[in-house]
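2 protein chains.
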Amino acid sequence: MNKDLILLGHGSGGTLSHQLLDDLIVPTLSDIGEEEQNDAAVLILEGRRLAFTTDSYVVDPLFFPGGNIGTLAVNGTVNDLAMMGARPLFLSASLIIEEGFSRQELAAVLASMRAAADAAHVRIVTGDTKVVPRGKADRLFINTSGVGVLEHDLEITGSGARPGDKVIVSGTVGDHGIAVLAKREGLELESDIESDCAALHGLVAEILGEGEAVHVLRDPTRGGVATTLKEIARQSRAGIVLDETALPLKPAVKGVCAILGLDPLYVANEGKLLAIVAAEAANAVLERMKGHPLGRDAAIIGEVTGENPGRLELETVIGGRRAVEMLAGEQLPRIC
Amino acid sequence: MNKDLILLGHGSGGTLSHQLLDDLIVPTLSDIGEEEQNDAAVLILEGRRLAFTTDSYVVDPLFFPGGNIGTLAVNGTVNDLAMMGARPLFLSASLIIEEGFSRQELAAVLASMRAAADAAHVRIVTGDTKVVPRGKADRLFINTSGVGVLEHDLEITGSGARPGDKVIVSGTVGDHGIAVLAKREGLELESDIESDCAALHGLVAEILGEGEAVHVLRDPTRGGVATTLKEIARQSRAGIVLDETALPLKPAVKGVCAILGLDPLYVANEGKLLAIVAAEAANAVLERMKGHPLGRDAAIIGEVTGENPGRLELETVIGGRRAVEMLAGEQLPRIC
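Protein chains in written order, with the numbering used here: chain A, 1 to 336; chain B, 1 to 336.
Worth flagging that the hints you see were computed from the coordinates, not collected in a lab.
Don't take each hint at face value.
Computed footprint of chain B on chain A; a stretch qualifies when at least three of its residues, placed anywhere within it, have a C-beta under 8 Å from a C-beta of chain B [what the hints assert, rightly or not]:
1. 17 to 24
2. 96 to 107
3. 138 to 152
Non-contacting residues of chain A with respect to chain B, defined by C-beta distances greater than 10 Å in every case (computed) [to be verified]:
4. Gly9
5. Phe52
6. Pro133
7. Leu189
8. Ala213
9. Pro251
10. Leu262
11. Glu315
12. Gly319
13. Ala323
Just so it is clear, the structure is predicted and the values come from calculations on it, not from any experiment.
Even for Gly, the Cβ is constructed at its ideal location relative to N, Cα and C.
If we strip away everything but chain A, and leave its shape as in the complex, we get (with noise of 0.2 Å):
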């Protein structure tokens, strides 16, 4: 491994990703420190809140079951604003176009941004258009930065686990990766998997309802469930365990992360959030999300300790408990 050069795993948002946000990207560009880093920055204008985020995807194949690089590029911004408990208000929308890409393909994902966008009350106003020479690029890669505001006096970030709240997922997990994994490889699966991809700030609304008691939202994507909760105990300097029977997974993903060797704890999502909450109010929240048509599956699947700060632990289906690390190398590239 040539420490000289950007691997693959460079963009899993594993470990080789925080490695390298931490030791080049982050202090060079700016001075937020890990307890700060969350999915959006907030800005401070004349004492109103505003949220800002930014992404760029790169999703292959660019067409999946359940959506494409654009649905996933305007609810993928949508939901990094959401999890800073901020109503999503703008887009922009940068596209990087390989010569020769299909102009017909091109109407198609723009239509499914548009359509996303207005599904999910934002509007896209500003954008730019970049052509490189065949071969420069792969298709299409699309960038969407988003602006969003904050309507309440919530502190929600990824510091704000506490011992003895709880974990709740929004639904079953994998559901987005596994869903690409099966289309880019062409594999005959004997029920359809589809992208979870959807915009979340609804869902977010509902459990905002609960007020103080919600102390951080993240939707686990690049990474999966365990790199994200693995970010958030560090950032808390808290503990977290996680139940593994309660974990809610589709028969179908399960099935194919065990012939595929994959463990779904690490499978990107686009469409579930993670939400950490005080233990006295975990069960409202957890009905409030049922109520949701974007919260069904819901569970209670974890819970923060004040031991091992730093460290997230399974407990087995035997009983057993080990610990979790962020994902190493690549699991799945381009996923999103």
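Fit chain B to the supplied structure of chain A, relying on the hints for placement.
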């Protein structure tokens, strides 16, 4: 020419870019009319005006005399905010890196971004990093999006040019495009040509001292001065007449253009702006610009007329007039 495929020229900033934008991208993604298409969107949040913009940078080579993709990514987006008369405040930075890219070069680009952001008094507050497999991107692409605030009530927009207004350019044209081209093609030049890459919001603040006399500000990047003025002529439904003899041009740039058959009116700039201002304030604006380090070579290069709405004409050295169209096809790909 296959109409079903995206061509390099669709990224030129010229005629094909406008066709793709007007026929497909803008109507699909938004309800923004031609008149309202500016370098940044102006958002109204509780009576306060914000500017929001995005650009992806795919310049080749990554490093060139006078800058690199990092300085370009920061200054370019700062300038798009500045052209709305906004004070740039916050940037996002999203990287798409090709597997195998040099970590050392990445570090150099990031350091340049930070230096440019510090110099422009903007903060990089959020980001994203993707890595794609070897051969699926060309080393490094950067998207920056920006948020700024409008601290005045002026309406500065591409549709604001009025008959009688003067057209001012802030300095010599074509420096950036020719610097990048010379580096890419390995041209041996007698004197170095450097990119003019710079943040223009300080210069804009000077110009805004003339208040309502300032009607349009725009930076002539892709497509150059000709394409930008043609856009403004269309948006304002006015004619613009350019005086060829008045155009500030470095002898070295003029020389390369002559040898290669390039028209400097179509060559990209990254540290120049066009200001269209009321005739009675033109000299005052010019003096303000000349008093700023980035406007020393500013010159009045033309005027707006009530004849021939949408038409851009060049008054040539020998006294004739010819219509100038937007850049057709692609003159210099991947210049930004």
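Hints, verified against the model:
1. Counting residues of the stretch 17 to 24 of chain A whose beta carbon lies closer than 8 Å to any beta carbon of chain B gives 4, which reaches the threshold of three, so the coverage claim holds.
2. As drawn, the stretch 96 to 107 of chain A meets chain B at 11 residues by the rule of a beta-carbon pair under 8 Å; at three or more, the given contact holds.
3. Chain B is given as covering the stretch 138 to 152 of chain A, and this holds because 6 residues of the stretch bring a CB closer than 8 Å to a CB of that chain, at least three being needed.
4. Listed as a non-interface residue, Gly9(A) fails to keep its Cβ farther than 10 Å from every Cβ of chain B; the least gap is roughly 8 Å.
5. With a least CB separation of 6 Å from chain B, Phe52(A) falls inside the 10 Å interface cut-off, contrary to its annotation.
6. Against chain B, the non-interface label of Pro133(A) is violated: not every CB pair exceeds 10 Å, the least being about 6 Å.
7. Leu189(A), annotated as away from the interface, keeps every beta carbon of chain B farther than 10 Å; the closest lies near 25 Å.
8. Look at Ala213(A): its CB is around 27 Å from the nearest CB on chain B, clear of 10 Å, so calling it non-interface holds up.
9. Listed as a non-interface residue, Pro251(A) keeps its Cβ farther than 10 Å from every Cβ of chain B; the least gap is roughly 31 Å.
10. Taking the minimum C-beta to C-beta distance to chain B, about 19 Å, the non-interface status of Leu262(A) holds against the 10 Å cut.
11. Listed as outside the interface, Glu315(A) is consistent with that label: its C-beta sits roughly 33 Å from the nearest C-beta of chain B, beyond the 10 Å cut-off.
12. Remark: the non-interface label on Gly319(A) is consistent with the geometry, its nearest Cβ contact in chain B lying 39 Å away (cut-off 10 Å).
13. For Ala323(A), the requirement that its beta carbon stay farther than 10 Å from each beta carbon of chain B is met, with the minimum near 26 Å.
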